[in-house]
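**Q** The residues making up each chain are set out below.
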Amino acid sequence: MVVVLLPSLLATQAGGQARFELEAATVGEALRELPVADLLFEGGELRRLVNVYLDGDDVRSLGGLEAPLAGVEEVRVIAAVAGGTTSRT
Amino acid sequence: MGALLLAGTRKGLFLLHGDENRSSWELEGPLLPGWSVFHAIRDHRDGSLQIAANNFVYGGTFQRSDDEGKTWRRAEGLRLPEDSGLKLDEVWHVEPGRDNEPETIWLGATPGVLFRSGDRGATFEPVQSVLEHPTREQWEPGAGGMCCHSIQLDPSDPKRMYIAISAAGTFRTEDGGESWTPANTAVAADFMPDPFPEVGQCVHKLLLHPERPERLWQQNHCGVYRSDDRAESWERLEGNGLPSGFGFPLALDPRDPDVAYVIPEEGAENRVTPNGRLGVYRTDDGGSSWALVSGGLPEPAWGAVMREGFTFDDSGLYFATQSGSVFASTSRGEQWTEVARQLPPILSLEAAEWS
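For the record, the sequence lines run as chains W and P.
The opening position of the first sequence corresponds to residue 1 in the working numbering, with each subsequent residue numbered one higher.
The opening position of the second sequence corresponds to residue 1001 in the working numbering, with each subsequent residue numbered one higher.
Simulated from the structure, these hints should not be mistaken for lab results.
Take every hint as true, because none was put in to throw you off.
For each label pair, taking beta carbons as the anchor points, the in silico distance ranges come out as:
no.	chain 1	residue 1	chain 2	residue 2	range
1	W	73	P	1027	43 to 51 Å
2	P	1122	W	32	16 to 24 Å
3	W	3	P	1337	48 to 56 Å
4	P	1193	W	82	31 to 39 Å
5	P	1102	W	71	51 to 59 Å
Short derived list, chain P residues pointing at chain W, Cβ under 10 Å:
no.	residue
6	1035
7	1057
8	1063
9	1078
Which chain W residues stay away from chain P? Per the calculated CB distances, all over 10 Å, these:
no.	residue
10	25
11	72
12	73
13	74
Source: prediction; values computed, not measured.
The beta-carbon is built from N, C-alpha and C at its ideal position, and this holds for glycine as well.
Please work from the sequences and hints to get the whole structure.
**A** Next comes the structure, spelled out in C-alpha cells:
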C-alpha cells in the first residue's frame, strides 16, 4: 500500500480528497487509479509541469512511470514552479 | 426576472446576480479558484453551469455543475486521437445544442478543433470533419493560439451551423457537421501575401442574429464585417465612424438585426482602447455608420476587452475588462454603470436569466 498526496487544486477536482491509499506495482499504475488521472497525463506521459516524487525523489530520475513502488511509502504530486502564462487575447 | 452574469477570470469564475432592473448586483465567488475560465455559460435548457476551464499545469477541461456551482464534474475523453498528430491545448468556447437535442453540447478548442458531447457534457468526441479539414495545413495560430472560439447554430435550419477559428477563418456546415465550407469571401487577411485567401483569416468573434439568421457579424483582426447571405459574402464596415477596425468582442441587439456593438482597440500592435477612451461603438443601420456610446465609462482609460468579454440579453448590454471591471447598460449603451471592479483579469462574460 502506498499513500498518494495531491496538491489542493487537484484535491478539489477529486471531490475534496487530497490523500489516497492505493495498491499498485508502479507509480504509473498508482497515478492512473486516481480520479484526476486525466489531468496528469498527456499522450500517455506525465504532463510537462507535473512533478511526482517517491519518498522525496523525482520520479523522472527513477525510471519514470515504470518506477516500482516496492518499499515506497509516499507518492507526492506537485505542480512545477513555472510562473504564469503569457497574456492571451 | 433577474440577470445572472458569469464572469470567467484568470483566477476562477465569479457570478453576479442582478435584480430585475439591473440596478443592484451581488457578487459571488470565486468558484473553481486557480482555473482560468475562458468561457462560462448557464445552459438555458437545464440551468446547469458549464465552463471551459484551463490550467497551465493540468491543461484544458470542460466542467459542469448542476447545483449552482457547489460541485463540478469534469468531462471525460477530452483529448485528440494520437493519429491526428495534434495535441489538445486550451478549451475556449461552450455552446449549447439546440432545444430539441438537450443532450448536445459543442466545445471549441485549440488547435482549431471542435468537440461534440451527446450526453450533456459527460464525454466529448472531436468532430472529425474539422480535425481532418482539407485546408488545415493552411491554418496558422493567432496570438491566442489556433482557437475555435465561435460556434453559432442557425435556428432556421437544424443542419446549418458556423464555426470561426483564429487564424483559419469562418466555416459553415449545411449537413450537421459532416463537411465544412470556408466562408471567407472578401474577408481580408492583410498579414498574408495574398490578402484574400480562401482560409487563414483571423476572425476574432462571429455572431449570428437569431431573428435574421442569414445575417452574421464578425469582428476580425482586419475589420468589422456583416454578411446577409449566410456568410457567402462579407461587407467590410469600417471607415464610417469607427476609430479602428481592430478589436475583439462583438454584441448584438436580440430584437433589431440592424444594431451591433463593438469595442475597438488601436490596432494589432497596441491592443488598448483608442486615444485613452474606453468606448463602445454602436451602429443602428447595419454598419453603415457607427457612434460612440460611453456615458458613465471611466476616462481616460486604456482598457481591453477579450473576445468573449461582451454579452447581452433582452434587457441590457454587459462587458468586462482585463483590468477586472464589469459594466452594464440598460440604455443601448448610452449610459453605463460599473457593477463590479477589482476582479482578476476577466476573460469572458455571459448573461443568463435568473430568478
